[in-house]
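Asker: Counting in our numbering, the sequence shown runs from 4 upward without gaps.
Treat the hints as calculated values from the structure; they're not laboratory data.
Model, not experiment: these values are computed from the prediction.
Careful, some of the hints might be misleading.
When the alpha-carbon atoms are kept at most 25 Å apart in a straight line, the in silico BS3-like pairs for lysine-lysine are as follows [said to hold, decoys possible]:
(1) 180 x 204
(2) 180 x 235
(3) 235 x 141
Distance ranges between label pairs, derived from CB positions [what the hints assert, rightly or not]:
(4) 263 x 180: 22 to 28 Å
(5) 248 x 109: 21 to 27 Å
(6) 212 x 68: 23 to 29 Å
(7) 129 x 105: 18 to 24 Å
(8) 128 x 104: 19 to 25 Å
(9) 123 x 209: 26 to 32 Å
(10) 124 x 11: 39 to 45 Å
(11) 59 x 238: 26 to 32 Å
(12) 56 x 214: 16 to 22 Å
(13) 191 x 75: 44 to 50 Å
(14) 63 x 132: 43 to 49 Å
(15) 63 x 175: 31 to 37 Å
(16) 74 x 40: 24 to 30 Å
Don't be surprised by glycine CBs; every beta carbon is placed ideally from N, CA and C.
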Amino acid sequence: MNTEINPRIPVALTIAGSDSGGGAGIQADLRTFAFHCVHGTSAITCVTAQNTLGVNRVDAMPTEAVVAQIQAVLEDIGVQAAKTGMLLNQEIIFAVAQQVEALQIDNLVVDPVMVSRTGAQLIDDDAVKTLCHALIPKAVVITPNRYEAQILSGLQINSLEDMQAAAEIIHKTLRTKAVLVKGGGMQGDLRGVDIWFDGDKLEVLTCQQVETKNTHGTGCTLSAAIAANLAKGKDLWQAVQEAKEYVTTALTYALDIGEGQGPVGHFFPLLRN
4 MNTEINPRIP
14 VALTIAGSDS
24 GGGAGIQADL
34 RTFAFHCVHG
44 TSAITCVTAQ
54 NTLGVNRVDA
64 MPTEAVVAQI
74 QAVLEDIGVQ
84 AAKTGMLLNQ
94 EIIFAVAQQV
104 EALQIDNLVV
114 DPVMVSRTGA
124 QLIDDDAVKT
134 LCHALIPKAV
144 VITPNRYEAQ
154 ILSGLQINSL
164 EDMQAAAEII
174 HKTLRTKAVL
184 VKGGGMQGDL
194 RGVDIWFDGD
204 KLEVLTCQQV
214 ETKNTHGTGC
224 TLSAAIAANL
234 AKGKDLWQAV
244 QEAKEYVTTA
254 LTYALDIGEG
264 QGPVGHFFPL
274 LRN
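Build the full structure now, drawing on both the sequences and the hints.
Answerer: Structural data, given as structure tokens:
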């Protein structure tokens, strides 16, 4: 007789920074995992002091502490998927890549947090190189925004054709299984249009545009939703499509809190009431 109240549920791991304002980072990731009925675990890479108006301070976790968190989760609980977000510096990026290899973490989603959607570079050039050579090739999919895709491809991106060309270049040069170039930072009709390329299929993903200033955490949420779907056993293409639908709906119920840019509504069924 099975005495378990609940069957074993999928587990996902987020390796990312903490957002004190609760809109992005591990806070957004864990809410996204929970929405998808996936148990969320975490390895915190840095602690930020931030709110809806911006980031006031960032403190890196010791590399040994990041590694210890990953090992603690994998050695006891195990995970069916993982995602990375803000890794902050070269040392942490390299250490995370080593753990992914050593612990055989499959279904890795890399959100290459290098540049904000406004174009501000967040990590130095050495960290970018390590991200490209040590971690990205281990991913099943990477999710760069417009400016990150420009760095990774070497192209200026101003059109749909530019996004498509960048996705193909990134796939070829960085040896990742799939690329999703996000259009959240694009203008006009291209805002919110994403490009998927997996070596065979080049697809344009569109959605209904949502008019809101409260878009904080969309990138974190998208990559976390992809990881959650992968943890549940969905194939990569389905995981990406459903993640995009989730983010679009969460944007529709975005939270107008604080004086600046609020977060998306991760638990939108509750907000409908």
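Asker: For each hint, tell me whether it holds in the structure or not.
Answerer: To see whether the hints hold, each was checked on the structure:
1. 180 x 204: Answer holds: residue 180 to residue 204 is near 11 Å, not above 25 Å.
2. 180 x 235: holds (19 Å)
3. 235 x 141: Given pair residue 235, residue 141 holds - Cα atoms ~20 Å apart, limit 25 Å.
4. 263 x 180: 22 to 28 Å: violated (36 Å)
5. 248 x 109: 21 to 27 Å: The hinted range 21 to 27 Å holds for residue 248 and residue 109, with Cβ atoms some 24 Å apart.
6. 212 x 68: 23 to 29 Å: Given range 23 to 29 Å: violated, Cβ gap about 41 Å.
7. 129 x 105: 18 to 24 Å: holds (23 Å)
8. 128 x 104: 19 to 25 Å: About 24 Å separates the Cβ atoms of residue 128 and residue 104, which means 19 to 25 Å holds.
9. 123 x 209: 26 to 32 Å: holds (27 Å)
10. 124 x 11: 39 to 45 Å: Check passed, 42 Å falls within 39 to 45 Å.
11. 59 x 238: 26 to 32 Å: violated (41 Å)
12. 56 x 214: 16 to 22 Å: holds (21 Å)
13. 191 x 75: 44 to 50 Å: holds (47 Å)
14. 63 x 132: 43 to 49 Å: violated (18 Å)
15. 63 x 175: 31 to 37 Å: 32 Å Cβ-Cβ, so the 31 to 37 Å window holds.
16. 74 x 40: 24 to 30 Å: holds (26 Å)
Comparing the model with each earlier hint shows violations of hints 4, 6, 11, 14; every other hint is respected.
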